[in-house]
Amino acid sequence: DAGITQSPRYKITETGRQVTLMCHQTWSHSYMFWYRQDLGHGLRLIYYSAAADITDKGEVPDGYVVSRSKTENFPLTLESATRSQTSVYFCASSLDDEQFFGPGTRLTVL
Amino acid sequence: AQKVTQAQTEISVVEKEDVTLDCVYETRDTTYYLFWYKQPPSGELVFLIRRNSFDEQNEISGRYSWNFQKSTSSFNFTITASQVVDSAVYFCALPEDNAGNMLTFGGGTRLMVKP
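Respectively, the protein sequence lines represent chains F and B.
For the first sequence, the working numbering gives the first residue as 1, with consecutive numbering after it.
For the second sequence, the working numbering gives the first residue as 111, with consecutive numbering after it.
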């Protein structure tokens with residue numbers, strides 16, 4: 001199906017473990033983004049990518065790593081998960097000036 | 111940096127009431143876009159509208175309308191004759207750059223419409 005997908009949709013992990021959240025889009029949009037959504041903070045940008053092999057930090061990048069070897073994929077890795085990274089994570093892609101969001105991944109770090 | 115403020119964190123209305131969600135923004139740009147997104151209880155983010163700062167005319171789409179006032183840096187959203195299905199969190203957003211490729215979101219307003 002065309003669109004933007006995220007996997008897993010739900011994930012429970014433990015402090016210190018590495019976790020990778022996947023994001024895949026079928027439109028070949030140049031820009032892709034990762035946001036986290038926390039109560040009281042709305043959505044905050046973690047990292048973004050303007051094209052394959054080009055990534056840059058957003059507002060809250062600490063503790064996260066991204067890569068973009070292919071235009072359609074933009075995985076987000078938590079190298080050593082902490083409880084403060086418990087959140088809902090949204091991936092998005094954009095064409096011109098409109099962003100399209102994935103369904104979100106709810107991550108719980110115990 | 112851009113800034114978006116949604117001062118109303120939560121609003122509760124009874125079905126069929128009209129409700130206005132406020133959005134105030136700060137930007138260094140002379141031309142820019144503004145966005146509204148809806149997040150229903152199911153969690154996905156649904157695009158509602160994109161507005162160019164050149165166009166200050168009010169926009170109406172069914173029961174939804176938007177009032178953009180550049181002089182007061184506001185982009186308010188009104189739902190007329192609210193329905194229970196309108197219950198959601200609504201976000202106003204402003205791009206970090208002119209291309210709209212990085213969005214700064216307001217904190218969101220949770221709207222609860224009671225039957």
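No wet-lab data here; the hints were simulated from the structure.
Just to be clear, a hint being listed does not mean it is correct.
Label pairs and their computed distance ranges (CB to CB) [claimed, not checked]:
| id | chain 1 | residue 1 | chain 2 | residue 2 | range |
| --- | --- | --- | --- | --- | --- |
| 1 | B | K126 | F | G16 | 26 to 36 Å |
| 2 | B | N162 | F | V65 | 34 to 44 Å |
| 3 | F | V88 | B | E127 | 22 to 32 Å |
| 4 | B | I170 | F | Y10 | 36 to 46 Å |
| 5 | F | T108 | B | K113 | 40 to 50 Å |
| 6 | B | D128 | F | T82 | 36 to 46 Å |
| 7 | F | L39 | B | E166 | 42 to 52 Å |
| 8 | B | V194 | F | S84 | 19 to 29 Å |
| 9 | F | T86 | B | T182 | 30 to 40 Å |
| 10 | F | V65 | B | K180 | 19 to 29 Å |
| 11 | F | H41 | B | T182 | 24 to 34 Å |
| 12 | F | S67 | B | E166 | 41 to 51 Å |
| 13 | B | D165 | F | G16 | 45 to 55 Å |
| 14 | F | I12 | B | D139 | 20 to 30 Å |
All values derive from a computational prediction rather than experimental measurement.
Note that the Cβ used here is the ideal one computed from N, Cα and C, for glycine as well.
Hints, verified against the model:
Distance hint check for B/K126 and F/G16: the Cβ-Cβ separation is about 52 Å, which falls outside the suggested range of 26 to 36 Å. A C-beta distance of roughly 36 Å is found between B/N162 and F/V65, which places it inside the suggested range of 34 to 44 Å. Taking 22 to 32 Å as the suggested C-beta distance range, the pair F/V88 and B/E127 conforms, at roughly 30 Å. Evaluation of the 36 to 46 Å hint for B/I170 and F/Y10 yields a pass: the beta carbon distance comes to about 38 Å.
Between F/T108 and B/K113, the C-beta spacing of about 30 Å breaks the proposed range 40 to 50 Å. A C-beta distance of roughly 44 Å is found between B/D128 and F/T82, which places it inside the suggested range of 36 to 46 Å. The given range of 42 to 52 Å is broken by F/L39 and B/E166, whose C-beta atoms sit roughly 34 Å from each other. A hinted range of 19 to 29 Å is violated for the C-beta pair B/V194 and F/S84, which are about 35 Å apart.
A hinted range of 30 to 40 Å holds for the C-beta pair F/T86 and B/T182, which are about 38 Å apart. Between F/V65 and B/K180 the beta carbons are some 40 Å apart, a value that contradicts the proposed interval 19 to 29 Å. Separated by about 25 Å at the C-beta atoms, F/H41 and B/T182 satisfy the suggested range of 24 to 34 Å. For the pair F/S67 and B/E166, the supplied restraint of 41 to 51 Å holds, since their beta-carbon distance comes to about 42 Å.
Distance hint check for B/D165 and F/G16: the Cβ-Cβ separation is about 51 Å, which falls inside the suggested range of 45 to 55 Å. With their beta carbons about 42 Å apart, F/I12 and B/D139 fall outside the hinted range of 20 to 30 Å.
In this structure, the earlier hints numbered 1, 5, 7, 8, 10, 14 are contradicted, and the remaining ones agree with it.
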